[in-house]
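Trainee: Listed below, chain by chain, are the residues.
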Amino acid sequence: MTKIYCLVRTVLLVTACALSSLLFSSVVFAGDVALIANNAVTEAFLNQKEVKKVFLGKKTQWENGDKIIIATLDGGVIHEQFVNDFVGKTPSQYKKYWKKLTFTGKGKAPKSFKSEEELAAYVAETAGAIGYLATSTASDKTKTIDVK
Amino acid sequence: MKNFLLLAFTATFIFASAAVVQAVDFEDISINGFISQGYMKSDNNNFLADTDEGSFEIRETGVNFATDVGDKLHLGLQFLARDLGDLGNDEVTLDWAFASYRWKDWLGVRAGKMKMPNGLYNETRDVDMLRTSILLPQSIYNESWRDTFSTINGGGLYGELPGGVAYQVMIGTLPFNEDGGVVKTMDGISELEMGSGNIDQTYAASLVWETPLEGLRLSGTYIKTGLEIDAEASMTELQRAGLNLLALTGSEAQQEYATGILAPRILDISLESWTVSAEYTIGDLIVAGEYSITENDIETSRKDTGELSREPSVYDSEGYYLSASYRFTDWFELGAYYSVYYLNNDDKGGKIKFNDAVPDEYGWLKDTALSARFDVTDNWVVKVEGHIMDGLATSFPQDNINPDGTYDVSTDWNLFAVKVTYSF
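Chains as they are written, first to last, in this note's numbering: chain A, 221 to 368; chain B, 2 to 425.
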């Protein structure tokens, strides 16, 4: 009886910890994520479907025929917010999606960066590059793409 | 002992590599790979390996190289070594190697050895960490024929059409392997002993529609192919198979049965398969279902005269499954599926067969599976899985034969599997 009590108590404790970690995790609201591109990119805006296609490797060229180069973050709340809201996937589903392309020869996973600063620097110096970061991090070294 | 040493070597290699290896980019060449080692144990019946005793012979190792040349050309290749019971035996093969030129988003061309689409997951079936389960539902993804139906050598077109429709069309040939699963299957279910062979021109077409309903994708696949396999027949095996010699077609065939000297045979197998699929992703929940039907037309004839040596077998195989998986945390995912397969959907009890000696149980397989997946780190995945099985279709009859030649099978049985994968 004591063993069963201990087991139930342990399960309840683990569940409570898991729920509290969800409740107190960082929250980012829509509008906090900005889509940025290299200054030479001529597009001023993309619609939601186009953003999704770009970050899934289904839209590979800008309107002028230049190659689109994707830059992503390794993880974190901005990455989670972006792939959830703009790509319709969880971070693990997004990672799996690109592994599927990598291991079937259909694509190369996008370059990913540990910090928004590194991502912004890469987008600024790479022709055709597109990425995302917190709205507060955006600078004039890259252009902001509006999402309609 | 051999298995243990192999596992120990594999584990040592993985641990040694883990410290230093991540996905690598040398200039513009990306290098990715995986090594996956499993263990399967059944309470009755051998399934694809010596599982009744417990088997470590379930393993894949792969490494690939890819690069972009200019804005539109992509080149890549992958080496794969695989072991599953008698199949593969860790021989390193060129899994895929092709050039892909994407002229526009709606039109690209591929040429080389490419992954062949079939249903939702055929192209990724070699890569364990991309799914929740260890074994994919056998009703659609027959593990024993994987070596032949994973890739196609040839060319094709692909692209993204307006409305969220992705298409692929391919033409080419499939790899034929004398030591592969197709030959072993035909050896097991027929009265003949298979030899060399070849595969006819093969056509594959696939459509995947990302519907306006967020998370729902629908897919359809069509494959048409044919195989020719040289085979030997013996009077002993014909009689063991219960063939009524007098009922066989052709005067030449009856004459050779009378003399007891049998000419070499040719097995001509035509296959035409349609698969429809649906997958719905709602947050961390993924629900999927697929249905497939394959028309089989199998003719056995004398190699010298071309005369049929038995009535052609024409039948439809049918398979379907429903699955669900849910990711509870970053590191924990649960999945389950129920899968049903009938070798001949007009004979769900397995009574009609090439060889009467083969147990009825090879006519169907109903599989209820529950899988737990643990993403220990970004690179390490551990899976544990249980199957409640009814029937033995898609496995090999000759793996369950007693020394005296009788079959030793159980209708209802269970399979346990565990697998560890490292990828970079």
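Keep in mind the hints are simulated off the structure, nothing from the lab. All of these numbers come straight from a predicted model, not from anything done at the bench. No residue lacks a Cβ here, since even glycine has one placed at the ideal position from N, Cα and C. One thing to keep in mind: the hints can contain errors.
As the list claims (entries may be wrong) - Ranges of calculated distance between the beta carbons of each label pair, as one might list FRET restraints:
#1 A:V367 x B:W332: 51 to 57 angstroms
#2 A:D294 x B:I32: 17 to 23 angstroms
#3 A:E345 x B:A373: 42 to 48 angstroms
#4 A:S359 x B:F80: 25 to 31 angstroms
Unchecked claim - Lysine-lysine pairs mimicking DSS-like chemistry, simulated, CA-CA at most 30 angstroms apart:
#5 A:K273 x B:K367
#6 B:K105 x A:K269
#7 A:K331 x A:K279
#8 A:K320 x B:K105
#9 B:K367 x A:K363
#10 B:K304 x A:K319
#11 B:K73 x A:K272
#12 A:K287 x A:K331
#13 A:K309 x B:K304
#14 A:K368 x B:K225
#15 A:K331 x A:K361
#16 A:K361 x B:K225
#17 B:K349 x A:K316
#18 B:K225 x A:K278
#19 B:K73 x A:K279
#20 B:K367 x A:K331
#21 B:K352 x A:K319
#22 B:K105 x A:K287
#23 A:K320 x B:K73
#24 A:K319 x B:K349
Trainee: With reference to the structure, classify each hint as holding or not holding.
Mentor: Results for each hint:
1. A:V367 x B:W332: 51 to 57 angstroms: The hinted range 51 to 57 angstroms is violated for V367 (chain A) and W332 (chain B), with Cβ atoms some 32 angstroms apart.
2. A:D294 x B:I32: 17 to 23 angstroms: holds, 19 angstroms
3. A:E345 x B:A373: 42 to 48 angstroms: holds, 45 angstroms
4. A:S359 x B:F80: 25 to 31 angstroms: For S359 (chain A) and F80 (chain B) the Cβ distance comes to about 44 angstroms; the hint is violated.
5. A:K273 x B:K367: violated, 38 angstroms
6. B:K105 x A:K269: With Cα atoms ~18 angstroms apart, K105 (chain B) and K269 (chain A) stay inside 30 angstroms; holds.
7. A:K331 x A:K279: Holds, at roughly 16 angstroms.
8. A:K320 x B:K105: holds, 22 angstroms
9. B:K367 x A:K363: At roughly 56 angstroms apart (the allowed maximum being 30 angstroms), K363 (chain A) and K367 (chain B) break the hint.
10. B:K304 x A:K319: violated, 47 angstroms
11. B:K73 x A:K272: holds, 20 angstroms
12. A:K287 x A:K331: Judged against 30 angstroms, a Cα distance of about 14 angstroms means the pair holds.
13. A:K309 x B:K304: violated, 56 angstroms
14. A:K368 x B:K225: Status violated; Cα separation ~44 angstroms.
15. A:K331 x A:K361: The given pair, whose Cα atoms are some 19 angstroms apart, holds under the 30 angstroms limit.
16. A:K361 x B:K225: violated, 54 angstroms
17. B:K349 x A:K316: Violated, because 37 angstroms separates the two Cα atoms, which is more than 30 angstroms.
18. B:K225 x A:K278: holds, 28 angstroms
19. B:K73 x A:K279: Holds. K73 (chain B) to K279 (chain A) sits at ~12 angstroms (cutoff 30 angstroms).
20. B:K367 x A:K331: violated, 43 angstroms
21. B:K352 x A:K319: violated, 44 angstroms
22. B:K105 x A:K287: Answer holds: K105 (chain B) to K287 (chain A) is near 11 angstroms, not above 30 angstroms.
23. A:K320 x B:K73: Within the cut-off at roughly 20 angstroms; holds.
24. A:K319 x B:K349: violated, 39 angstroms
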